[in-house]
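Given chain A, put chain B in place with the hints provided.
2 protein chains.
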Amino acid sequence: MKKVAILAAPGFEEIELMAPLDILRRLNMAVVLAGVQSDKVVSTHEVTVSTDTMLDKLHADKLDALILPGGAGSWVLRDTPEVIHLVKKMHEAGKLVAAYPAQDVYRELNEAGAHIVKDENVVLDGNMLTANGPGAAMLFGYSIGEYLGEDLQVAQLKEQMCYTGL
Amino acid sequence: MKKVAILAAPGFEEIELMAPLDILRRLNMAVVLAGVQSDKVVSTHEVTVSTDTMLDKLHADKLDALILPGGAGSWVLRDTPEVIHLVKKMHEAGKLVAAYPAQDVYRELNEAGAHIVKDENVVLDGNMLTANGPGAAMLFGYSIGEYLGEDLQVAQLKEQMCYTGL
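So the protein sequences, as listed, match chains A and B.
Take 1 as the starting number for the first sequence in our numbering and just add one per residue.
Take 1 as the starting number for the second sequence in our numbering and just add one per residue.
Only chain A is shown next, with the shape it has when bound in the complex (with noise of 0.2 Å):
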């Protein structure tokens, strides 16, 4: 079974959480909410989560993939050292980073190497997946699905979900 990290820092998007939360699991995979500063954590838009374990709970080798949400949760995440440790960790390992960069994480990935296009919804850059925004947050649930094997499934799960997009 494919496990599946999201981390929850206050301020983070609801429909980027939420997206790749519900695609994944749907697709059986084991997906845990981790928090980033409690267990409690408030949304951009003020709805209160429970997370089911702790960032300092999370093991690179025990993950096949890490999403990080976006929205103003997106700066906490990337002021966290332990994240930036764990994001290191899992990309050397070769395993899946999935994203929803802000702004200048852009460009200061660019500046790092990875080929990250902003005008895409979503885009793959070896293990490193990104997105642009909310509206990109199911197809970005489906991609991570394809990226961990579940391609056939991810079709019918499109087509049960009525999604119509790209």
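All the pointers check out, no bait thrown in.
Straight-line distance between alpha carbons at most 30 Å, and here's what the computed DSSO-like set of lysine-lysine pairs gives:
hint : chain 1 : residue 1 : chain 2 : residue 2
1    : A       : K40       : A       : K57
2    : A       : K3        : B       : K40
3    : B       : K3        : A       : K40
4    : A       : K2        : B       : K40
5    : A       : K88       : A       : K40
6    : B       : K40       : A       : K40
7    : B       : K95       : B       : K62
8    : B       : K62       : B       : K89
9    : B       : K3        : B       : K40
10   : B       : K40       : A       : K57
11   : B       : K95       : B       : K2
12   : A       : K3        : A       : K62
13   : A       : K88       : A       : K62
14   : B       : K3        : B       : K95
15   : B       : K2        : B       : K158
16   : B       : K158      : A       : K158
17   : A       : K2        : A       : K89
18   : A       : K40       : B       : K57
19   : A       : K40       : A       : K95
20   : B       : K57       : B       : K95
21   : A       : K95       : A       : K158
22   : B       : K62       : B       : K3
23   : B       : K2        : A       : K40
24   : A       : K89       : A       : K40
Because the hints were derived from the structure by calculation, they are not lab data.
Just chain B now, with coordinates in the frame of chain A:
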């Protein structure tokens, strides 16, 4: 300021609840998340959210729109007399009722005289708006915003949110 209530019943579909909440709060509407059975509610795919208020605190005369998310929670909504009472009051007052009906509820609605088209993503019939699943959730949210008079802001928001759907 437009006032909108979203009902959170156990087993609600995450994207269906979060997308309109996110979009309508971005449009600066007063959106309350109301618990149907409890003030902490577990979604279809095991996410626990805290609500802002409870169903029994809602009154049709203080609302402009009522939203009923789908998923397993839609059966709970259908089987809760206070929900049916509130929907009827909203309907009698000509106010928007926006829902993702479950399969057999479509049939019941059509038998009751509503014009619900299961194959269309989002359908407006009088003051009743329906969507056919999570894939339509963002369009559903934008459609509610437009119904409540925010056409221009909705157009801007679609762009901001990188929405590429219909």
